[in-house]
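J.: These protein sequences, in sequence, are chains P and W. Heads up, the first sequence is in our numbering, so the first residue is 1 and it goes up one at a time. Heads up, the second sequence is in our numbering, so the first residue is 556 and it goes up one at a time.
These aren't lab readings, by the way, just hints derived from the structure by calculation. Worth double-checking, as some hints may not be accurate.
Unchecked claim - Below 25 Å or equal to it, Euclidean Cα-Cα: the simulated BS3-like pairs (lysine-lysine) are: (1) P:516 with W:954; (2) W:584 with W:954; (3) P:531 with W:582; (4) P:199 with W:584; (5) P:488 with W:653.
As a plain string of letters, each chain reads:
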Amino acid sequence: MLTKLTGGRVYDPASGIDGQIQDIYVQDGKIIDAPTDGRPVDQEYDLRGKVVMSGAIDMHTHIGGGKGNIARTLLPEDHRLDPVHRTQITRSGNGHAMPSTFVAGYRYAEMGYTACFEPAVLPINARQAHMEMGDTPIVDKGGYVMLGSDDFLLRMMTANKDQKAINDYVAWTLNASKGIGIKVVNAGGINAFKFNQRKLDLDEKNSHYDVTPRQILQTLATAVKELGVTHPLHVHGCNLGVPGNLETTLNTIQGIDGLPMHLTHIQFHSYGTEGDFKFSSGAAQIAEAINKNPNITADVGQILFGQTVTASGDNMRQHANHRFASPNKWVCMDIECDAGCGVVPFKYKDQNFVNALQWAIGLEIFLLVEDPWRIFLTTDHPNGAPFTSYPHLIRLLMDKSFRNDMLATIHPEAQKMTTLASIDREYTLNEIAIMTRAGAARIIGLKDRGALSAGNHADITVYTENADRQTMFSKPDYVFKDGTLVVKDGEVVKVTWGTTHIVKPDYDISIEKDLKAYFDRYLTMKLGNFKISDDEISEDGRGSLTVHPLRGSVA
Amino acid sequence: MTEITEIPSPFCGIGSDDLSIQVDGVKLKVTANGCAVNTPAFEQAITDTQASIAGQPASLAEAVAKAAQILRDTQQPVIGGCATDVNGMRALLAVADKTGAVVDNLNFNVARRNILALQDSGWMNTTLAELKNRCDVLLVVGTDLEAFAPRFFERYLWNPESMHLADTNNRQIIYLGKAPSANASTSPAGKKADVMTCADADLPEVTAVLSALLRGKTLQATSVAGIEISALQAIVDQLKAAQYGVVLWGAGALGFEQAELTVQTLCSIVKDINLQGTRCSGFPLGGKEGDQTANQVCGWTTGYPARVNFARGYPEYDPYLYDTQTMLNNGEADALVWVNAFNANALPPASDLPTIVIGRSGMSFAKQPDVFIPVGTPGIDHAGHAYRLDNVVAIRLKKLRDAGLPSTAEVLTAIEQAL
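With these hints in hand, go ahead and build the complete structure from the sequences.
T.: Following this line, the structure appears as structure tokens:
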């Protein structure tokens, strides 16, 4: 079937198209060049007056995995406020902070998103992450596999194993867990917490292993680079939420020695200690460091006011922050000599000085980082706010007067501690398209997604131009997933199933000899039973795997 | 005849995955690493492979059509049991969503003791590999651990090597409440567990005292439920001096009213120890007959654990109202679907309602259900996934034989399509 999208104003930064009127042709799920053989168009959509972008990509959102399911189970009262009825074509469920998987898929699609990436896939919990993502309809998905607090890596580093051996282990884990990138959460800190260390600075040694977070970051960033994995090492830094962690973050940037590194939810890592409350914005210094270091990318992890739940692998910091739990209940887990997790409900309040300043710090970072290709729109769903708040966040970025109106309502002392009012920048539609589409596809390493040129998958979102950007981005006119119309006027009209994006770097199979011995001696599962097979993703008849090329390989 | 090795078990809850099984046609024989729970569960013979309608043989298609017909005419069906693998639960929840059914795991009244504590105040828990490599003090509260899982000690405590303990023989095992039924808790070097017994019904008081001592409260009593306060103080001291203490309980063994409060006390003890500067973790037992699987899949599909009602067109959770037995007793249900792919002895509750049973081959009924469809067992007749007791780890179940039995998921999906 040949589909023509006629006359829309196209924002396709990957192709250098910034608001030109263009027709787009779609056939067999892909975008094609305008046919020259005169064959008839089967279906035409009149997009005159509409804004056309590729489907949005959330490069960091906690949509699948054990900690998310703990968060769901922990908060029945939150679900009761947001029940979702079944329809003829969609399943029922519940929403708000940590929605059920079906609801998450529908709501992402209804906002024009066509791909989501779970950033904290514990290797031992990867099956669950994939099963949950397998029950998340419409959107494509993928995961970053967590390393850095696993005993196997720390033993290797303590034993001074060479980088090649570590690369083999990292590649093996990526293959066994079916991920597209590598994530580090509080490098070594989750492990140190098991030895009763309650904090771990960048150059502080694990009390058992002769290893510092800085060394872990360097080792893993090197492995990612040498293996040719496109997505840079995805780093949740040390000292999350600690006043003064700005210094740690700047040190982390310097300490990576120019290797590619993605700093996630950087808002939570940009705090100073100035002022009466010993809590201040480090956004200017952080943004300056990002601007100066082209190897660094970041997503913001914006907080927005209201009830949410924080779900993190960083049980060291989550345990320290449990006193802020609202409602007052929380979960921490140590997990399988692999990692951990912590789940703490939060209610961010605009009249709370710290929360109000966190809000301002996130926006300052968005607005002070100059290159939209290196900064990404996230709330670290659900940690800063549920993903459903993205249209509101986009309005804050695109509409200075709206932003300043909001700023005027927050805690007065926080207003004094932020430069936000003096920042004139307003994001353009093209910059939003970079942050949420082209840039995201590039940083994740997605071939043929996030762009509207011929050969790309036809993941396309169509909006009605509206000066109120929140309204505009809340309710797309059309969303096409792989060429199929899945959303019309902001509602799901057809349910499809996306693919799972992975990479498969090569490794020396002899690493399994060491791993088998380790599994047999210390772990609770046989090595062969640990590895996830392809049919586990596809046997339900809906899932599929899409392997993306490594750097330097022929695409 | 073939032998298959490294077989994971969905029966014992502790994720044993080192079984060897000899397969001779449809006959299975456990040849290595069996136990009193797993061996009979794997070796149970297949009896019936044919579906039936009111006791009369029927084709699978006829039975599916009849089941769909029954469900089509209902206002409030109840799907009980819910003992199957991940794909089985996925299909079950799809049927429930379409028919407006209650979904209720057969073990929920036990799991509820943990879930209510979790939903009220949370917990700090750990998993098997941490226990195996770190735990130097294990406090077992109110449960006979080796009866629950015969290989627990062998696999996770008396492992010859551990990453973070010099000698696993030196682990300190303390029983509070029930005494162990045999000697699995005695270390290979002969070190015996400390045992302090009391009646189950006294555990709320005993654990409350433990909590008070931990918080430095002065007690006037010198003993509680026959246990010296000084002995309880010694437990507190041991947990506080531990490298990595673990407090283990089995909700199934806490058979007294409001046991969730005792679970909550144990969870708060663990949190308090961590706040006082020592690492400690909780460890709830469970994971049998798909209970964790049901709660996990229901969790990501609805946001709630496995006692929900879809009657309003969306899932509602109530840990008491949607109990299968309660609904039957109160006349609130108009059809019963019973799903148990693991245990042929776990039969549906007695009821005069139209009843559909999707069960492990070998079920024998006092009263023939309207529809019975024998299904394969996950991990024997088809591949699948099941959750271990520690909730994080889903094990990949293997297909061991081909007896021509459909999976729970296949049957329920066919019923859903036929609705």
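J.: Compare the distance between the alpha carbons of residue 516 of chain P and residue 954 of chain W with 25 Å, and conclude whether the hinted pair is satisfied.
T.: holds, 23 Å
J.: Would you check the hint for residue 584 of chain W and residue 954 of chain W, treating anything up to 25 Å between C-alpha atoms as holding?
T.: holds, 15 Å
J.: Between residue 488 of chain P and residue 653 of chain W, is the straight-line Cα distance small enough, at 25 Å or below?
T.: holds, 24 Å
J.: Checking one constraint from the list: CA of residue 531 of chain P to CA of residue 582 of chain W, max 25 Å. Satisfied?
T.: violated, 28 Å
J.: For a C-alpha distance cap of 25 Å, please report whether residue 199 of chain P and residue 584 of chain W respect it.
T.: Measuring from Cα to Cα gives roughly 51 Å; hence the hint is violated.
In this structure, the earlier hints numbered 3 and 4 are contradicted, and the remaining ones agree with it.
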